[in-house]
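Student: Quick one: dock chain against chain with the hints and give me the complex.
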Amino acid sequence: GENVEQHPSTLSVQEGDSAVIKCTYSDSASNYFPWYKQELGKRPQLIIDIRSNVGEKKDQRIAVTLNKTAKHFSLHITETQPEDSAVYFCAASNSGGGADGLTFGKGTHLIIQP
Amino acid sequence: EAGVVQSPRYKIIEKKQPVAFWCNPISGHNTLYWYLQNLGQGPELLIRYENEEAVDDSQLPKDRFSAERLKGVDSTLKIQPAELGDSAVYLCASSPGLFADTQYFGPGTRLTVL
Chain A
29 GENVEQHPST LSVQEGDSAV IKCTYSDSAS NYFPWYKQEL GKRPQLIIDI RSNVGEKKDQ
89 RIAVTLNKTA KHFSLHITET QPEDSAVYFC AASNSGGGAD GLTFGKGTHL IIQP
Chain B
-1 EAGVVQSPRY KIIEKKQPVA FWCNPISGHN TLYWYLQNLG QGPELLIRYE NEEAVDDSQL
59 PKDRFSAERL KGVDSTLKIQ PAELGDSAVY LCASSPGLFA DTQYFGPGTR LTVL
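If you're matching them up, the sequences are chains A and B in order.
Sequential numbering of the first sequence, starting at 29, is according to our numbering.
Sequential numbering of the second sequence, starting at -1, is according to our numbering.
Pulled out of the complex, with its shape left as it was, chain B reads as follows (with noise of 0.2 Å):
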């Protein structure tokens, strides 16, 4: 079984510089997350998606970034415009979803914001 998948791996912008994050979950899959993790610290969630509906955005802030999920598989995660302290790295993670909540992480992005 793949698992999850995210592309890219590495990514180097100039500030003000709009970027985007792709991820591919575990297949049947019907639960994506975005987290971001910042150098020596744990991830922090940035939304949740069940199938094609975000239904935690609390922590996303929404006045630079934008997420979906069309279809309910795929996801994108945007940077528009990208500052400095959004250099991290960009984890998409996925679970089975109801009642089963493990979940399963992708390599990540690593953004550099310059």
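So that you can see chain A by itself, here it is in the shape it has in the complex (with noise of 0.2 Å):
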């Protein structure tokens, strides 16, 4: 089965200052790999996503990287915020004719300091 590894644990960063979380993967049939953003007690949030189709994709301040080759795939987030404050997940999954479920990794705990 696939198996979803990412790093670091836990990010501490300046507010303004760039994130990055970094995710690998096993199975070279997954095809679609989201980040969800989970505040503590609240359910995981999708905040972007990306297909194996597509290298390279940005919303507002969040971007996501993926190399398929190398089956890895990257969070960026810009001008960070003390909101971005929360644990990070990613996940991949092979949705070619149904969505499967997905597979996460254990999570980046991102800590924006003031």
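Just so you know, the hints here were simulated from the structure itself, not pulled from any lab data.
Just so you know, nobody snuck in bad clues.
Taking beta-carbon pairs under 7 Å as the criterion, some of the chain B residues facing chain A (in silico):
#, residue
1, Tyr31
2, Gln39
3, Gly40
4, Pro41
5, Leu43
6, Arg46
7, Asp99
8, Phe103
9, Pro105
Below 35 Å or equal to it, Euclidean Cα-Cα: the simulated DSBU-like pairs (lysine-lysine) are:
#, chain 1, residue 1, chain 2, residue 2
10, B, Lys14, A, Lys70
11, B, Lys60, B, Lys13
12, B, Lys9, A, Lys70
13, A, Lys70, A, Lys99
14, B, Lys76, B, Lys14
15, A, Lys50, A, Lys99
16, B, Lys9, A, Lys134
17, B, Lys13, B, Lys76
18, A, Lys134, B, Lys76
19, B, Lys13, A, Lys134
20, B, Lys13, A, Lys70
21, B, Lys60, B, Lys76
22, A, Lys70, A, Lys50
23, B, Lys76, A, Lys70
24, B, Lys76, B, Lys9
25, A, Lys134, B, Lys60
26, A, Lys134, B, Lys14
27, B, Lys13, B, Lys69
28, A, Lys86, A, Lys50
29, B, Lys60, A, Lys99
30, A, Lys96, A, Lys70
31, A, Lys96, A, Lys50
32, A, Lys85, A, Lys96
33, A, Lys50, A, Lys85
34, B, Lys60, A, Lys70
35, A, Lys70, B, Lys69
Just so it is clear, CB atoms sit at the ideal spot from N, CA and C, and this is done for glycine as well.
Tutor: Structure representation (structure tokens):
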């Protein structure tokens, strides 16, 4: 089955700086890679996703890059703000013909220092 | 549009007791998932339904866990009997289905087994 590794487990950055979270996956058949943000005691919320036919996707301060050859993808947050503090999860699935279940990484606790 | 609804939000039971969780997916979403999230970890898939059919239950511990999705809408996840190690958050998610794979999560049920 799929295995997703996520690094770092904790990331502390100064407000206004950029944050980068990296994930690798093992199954070359995976073709859908979402990122979720989860605040303490809340539900995971999708912030951005990318499919294997795209190398990069941006949405305001958030961007995701995908390297299919190396089987890794990264989340980039620019101009970080206090409200960006949360746990971020990457995930992967094979969604060729149906919405397969996601395999998640272990999460990155992002701390934005004022 | 209402999101994924789950109840109860919290449940405390004694070990060996039964417990059930209920999920109402987003209207029109054919695919429903149950995930388990341990503290400090990413969600792990337990079972996936396409309408009323369980198409992936390989990670569901079938000796004590069961699930159903009658009429292809609401779903119930049951544990009988519960063990101490079952303490976790049980998340339900839904997606539109075929070739539309974005998953939307409910708030989860936090189970504590004493």
